[in-house]
Each structure stands twice: as C-alpha cells, then as structure tokens.
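Spelled out from the first residue to the last, the chains are:
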Amino acid sequence: MVLDVGFWVVAVVAVASGAAVFIVDSMARATYALALSFIAVGVAVLMLRQDYVGVITILMMVMEMAVMAVYMVMFMGMNPALMPMSMVHDNRRAVGAAVATFVVLGAGALLIPWPTRRGAPPADPTRALGEALMGPHMLAMVVISPVMVATIVAGVVLAAHRTRYDRFGDDLRRRPARDPRRGGVGR
Amino acid sequence: MTLQTVLLMAAALFSVGLYGAISQQVVVMVMMGLELMVNGVILAAAGFWWFLAPNPDGQVLLMVIIAAMTVEMAMGFAVATLLHREHGTDMTDMAGDLSQ
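For the protein sequence lines, the chains are A and B, in the order given. Under the UniProt record's numbering, think of the first position of the first sequence as 1, with each following residue one higher. Under the UniProt record's numbering, think of the first position of the second sequence as 1, with each following residue one higher.
Each hint should be verified, as a subset may be incorrect.
Taking CB as the label site, the calculated pair distances span [what the hints assert, rightly or not]:
#1 A/G6 / B/M91: 34 to 42 Å
#2 B/D57 / A/G6: 45 to 53 Å
#3 A/V143 / B/H87: 32 to 40 Å
#4 B/Q4 / A/D90: 44 to 52 Å
#5 A/D171 / B/M91: 30 to 38 Å
#6 A/L3 / B/N55: 42 to 50 Å
#7 A/P115 / B/M75: 30 to 38 Å
Derived by calculation from the structure, the hints in this document are not laboratory data. Note that the structure is predicted; figures quoted are calculated from it, not measured. Don't be surprised by glycine CBs; every beta carbon is placed ideally from N, CA and C.
Chain A on its own, in the form it takes in the complex (with noise of 0.2 Å):
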C-alpha cells in the first residue's frame, strides 16, 4: 500500500515535471525540472527493486543538468533564470504527436494480456548484476567500452577549435604548418 502510493506520488512529479520542461519560460527553471524528473525516475527504479541502475540513473542526471546549465551559460549568453522564452515551431503538430503515442503505447500497456512472472528475483540484484557483467554478459561491457571510447574521440573531434588537419592538411603533410600566428621552434 506504502509502495503503491509512493509509486504514484514519483510516477506524477516525474511526468508533470517532464512536462514543466517545455511549459517554463526559462532554460534554468526547465533544466532543474527536467532533474527533478529523473530523480523521479531513478526513485521509480529503485522501486523496482534495482538499487545500482536507480542510483546511477540519479547520479548521471543530475551530472548531466549541471553540464546543460554551464551550456546555457555558455552559449546562450545571459543570465538563463532571468530570460523568459518561449522557442517552439509546429505546436499543434507535436501536440498532436505525443498523444497519439501516449494513447497508442498505452493501450498497449493496458489491453496487451502480459504474461506472469518466470522465475524469482535474486536476493542482492546488484550482487546478481555484478555476477553476471563479470561474467556469462562481458561481452556486452566489452562492446560498449570502445563504443564509449569513440564517442570521446567524437565528441573532441567535433568540439575542438583546430586540429591537427587544420594545421597539418589532410594528410599531415603541409609544412610549415597554417597557424594563425606564427611563432614556435622552427615556425
């Protein structure tokens, strides 16, 4: 009874804070909704009885939010708490959009006759988790290890100023190298 109720009380602040995001009329009021969601989330979670997933559900969001807010300030050039905005294009259409998912993936929910419970859970989840990416599942750890390592590779690829081909040319060829300034050993 206790767990049915909290769940209802976390399943509304996630999705009316969900909403808030895109209802507020600043960056900054939008992001600390969109954390206070996903702690919701991470709550629900751990309601469901997976401590390490809901913790680090919690743990990488707010993360992320501080990362969001220093964006804003970076790129938005102003105070975001005190900038009302509202940048939206084809409303009605969205609208539209997002409640015919929510009717369809509802319906779904509600009319799908789901089958009942195969096996138990184990004692320690976190433990069994554990177990199981050390064990029969590395290689899923294993994949995303160097899927992970291309996206920083990506993510400074595309983020950086100048490169090393901004210097050197296609095919790190070009001496001496395009330098806005010269200077250096040798340059």
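Dock chain B against chain A, hints included.
Here is chain B on its own, set in the frame of chain A:
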C-alpha cells in the same frame, strides 16, 4: 504498483519527450526531449524486468540503454558546440545543413 501502471508512466514520459524533441527549436531543449524519451524506455525496461523476468540479463540490457543515453548526451553536446562555432547559433531551424 503493477506492470501496467509502470508502463503508463513510461508512456507518458516518452510522449512528453517526443513533444519536446519535435517542437523545440533550441538544440539543448531538443536533447532534453530525447533524454525524457530514453528515461521512459529505462523505466519501461525496469518494469519489464521486475514484473516479467527478474533475472540478471534484463539488468544488463538496462546498462546498455544507459550507455546509449550517455553517448547521445556526449555527441549532442559536441554537435551543439560545433553548431555554435560554425553558425553562431543554438537553434535547429538555422542548422539545416545537418540534414544534408
């Protein structure tokens, strides 16, 4: 708390995120919409795990979804940085060349 209610909550989160991803003009706000959508997927996967098959395999799938979310976030921030540097903008409407 049943599987149906968890899935309803996930559907609501996904739909709200979809609205944001379609309607917003600022790249960072579009990313917020995408994050909400992925969060709905995480919640639905967690619900499926707990109510249908609570074995470790499902949790590994959740870790993969979270990793995908991380990649989306990192690449989105990198593209936003590139966009701002090249065009001096953070709006999707002024970044039509990304669709070519």
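Check: Which hint numbers does the structure go against, in order from smallest to largest?
Finding: 2, 4 and 6
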